[in-house]
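Note that the sequence shown covers residues 195 to 292 in the numbering used here.
Treat the hints with care, as some may be off.
[To be verified] Keeping only pairs whose Cα atoms sit at most 20 Å apart, straight-line, the calculated EDC-like set for lysine to aspartate or glutamate is: (1) LYS266 to ASP215; (2) LYS266 to GLU216; (3) LYS285 to GLU239; (4) LYS238 to GLU211; (5) LYS238 to GLU276; (6) LYS266 to GLU220; (7) LYS266 to GLU276; (8) LYS238 to GLU220; (9) LYS238 to GLU268; (10) LYS236 to ASP215; (11) LYS238 to ASP288; (12) LYS266 to ASP255; (13) LYS266 to ASP222; (14) LYS238 to GLU212.
[Said to hold, decoys possible] So the derived label-pair ranges between C-beta atoms look like this: (15) ALA259 to VAL283: 25 to 33 Å; (16) LEU290 to VAL246: 17 to 25 Å; (17) VAL289 to ASN262: 17 to 25 Å; (18) THR224 to ASN292: 39 to 47 Å; (19) ASN292 to ASN262: 42 to 50 Å; (20) GLU268 to GLU211: 23 to 31 Å; (21) GLU268 to GLN203: 34 to 42 Å; (22) ASN292 to GLU220: 32 to 40 Å.
In case anyone wonders, no lab produced these hints; they're calculated from the structure. In this text, all values refer to a predicted model and were calculated from it rather than measured experimentally. Even glycine gets a Cβ: it sits at the ideal position worked out from N, Cα and C.
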Amino acid sequence: MDVINIAGQDIPINIVEEFGDERLAEYDSTHRCINIGREVLKTKELFRSTLVHEIIHCALDLSGANYNMPVKTEEQIVMAVEALAVPAVVKIWDVLSN
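With the hints as extra help, turn the sequences into a complete structure.
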């Protein structure tokens with residue numbers, strides 16, 4: 195088990211054999227951990243994008259921003275941040291690092 199620090203909290207990252215449904219991963223707000231299906235580890239790109247997605251769910255939970263938010267709305271916000279904001283930040287980070 196690995197741990198990632200988000201907002202000053204150590205969040206365990208657990209690898210699970212399978213979820214029994216179509217999910218690849220989940221952020222478990224009850225146990226404050228990220229569970230990732232073993233199949234996600236097959237490629238670096240899939241692992242990276244899945245982990246980023248779950249980290250955003252975690253950040254929303256830790257900040258309280260998702261309080262009483264419908265699941266569908268939270269997923270739309272997470273996908274927007276993942277698809278639009280994260281690539282822009284990575285691009286700027288790469289430029290500033292060189």
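Going through the hints against the structure:
1. Taken as a hint, the LYS266 and ASP215 pair is honoured in the structure, with Cα atoms around 18 Å apart against an allowance of 20 Å.
2. Straight-line distance between C-alpha atoms of LYS266 and GLU216 comes to about 16 Å, which keeps the hinted pair within the 20 Å bound.
3. Taking the CA atoms of LYS285 and GLU239, the gap is about 16 Å. The hint holds against a cut of 20 Å.
4. Restraint check: the Cα-Cα separation between LYS238 and GLU211 comes to about 18 Å, which is no more than 20 Å; the hinted pair holds.
5. At most 20 Å may separate the alpha-carbon atoms for a hinted pair to count; LYS238 and GLU276 meet this at roughly 16 Å.
6. Only pairs whose Cα atoms come within 20 Å are accepted, and LYS266 paired with GLU220 is accepted, the gap being roughly 14 Å.
7. Between LYS266 and GLU276 the CA atoms are separated by roughly 15 Å; this keeps the pair inside 20 Å, and the hint holds.
8. Of the supplied pair hints, the one linking LYS238 and GLU220 holds, its CA atoms being roughly 18 Å apart against a limit of 20 Å.
9. Between LYS238 and GLU268 the CA atoms are separated by roughly 25 Å; this puts the pair beyond 20 Å, and the hint is violated.
10. For the given pair, LYS236 sits about 18 Å from ASP215 by alpha-carbon distance, which is consistent with the 20 Å threshold.
11. Only pairs whose Cα atoms come within 20 Å are accepted, and LYS238 paired with ASP288 is accepted, the gap being roughly 19 Å.
12. For a cut-off of 20 Å, the pair hint linking LYS266 to ASP255 stands: about 15 Å separates their Cα positions.
13. In summary, the hint linking LYS266 to ASP222 is supported, as the alpha carbons are separated by about 16 Å, within the 20 Å threshold.
14. Distance restraint check for LYS238 and GLU212: the Cα-Cα separation of roughly 18 Å lies within the 20 Å cut-off, and the hinted pair is therefore satisfied.
15. Checked against the hint of 25 to 33 Å, the C-beta distance between ALA259 and VAL283 comes to roughly 18 Å, which is inconsistent with it.
16. In this structure the supplied range 17 to 25 Å holds for LEU290 paired with VAL246, their Cβ-Cβ distance being about 19 Å.
17. A hinted range of 17 to 25 Å for the beta carbons of VAL289 and ASN262 is inconsistent with their spacing of about 39 Å.
18. Between THR224 and ASN292 the beta carbon distance is about 42 Å. The supplied range of 39 to 47 Å therefore holds.
19. Our hint of 42 to 50 Å for ASN292 and ASN262 holds, since their Cβ atoms are close to 43 Å apart.
20. Checked against the hint of 23 to 31 Å, the pair GLU268 and GLU211 passes, with Cβ atoms roughly 26 Å apart.
21. GLU268 and GLN203 have their C-beta atoms about 19 Å apart, which leaves the hinted 34 to 42 Å range violated.
22. Taking 32 to 40 Å as the suggested C-beta distance range, the pair ASN292 and GLU220 conforms, at roughly 36 Å.
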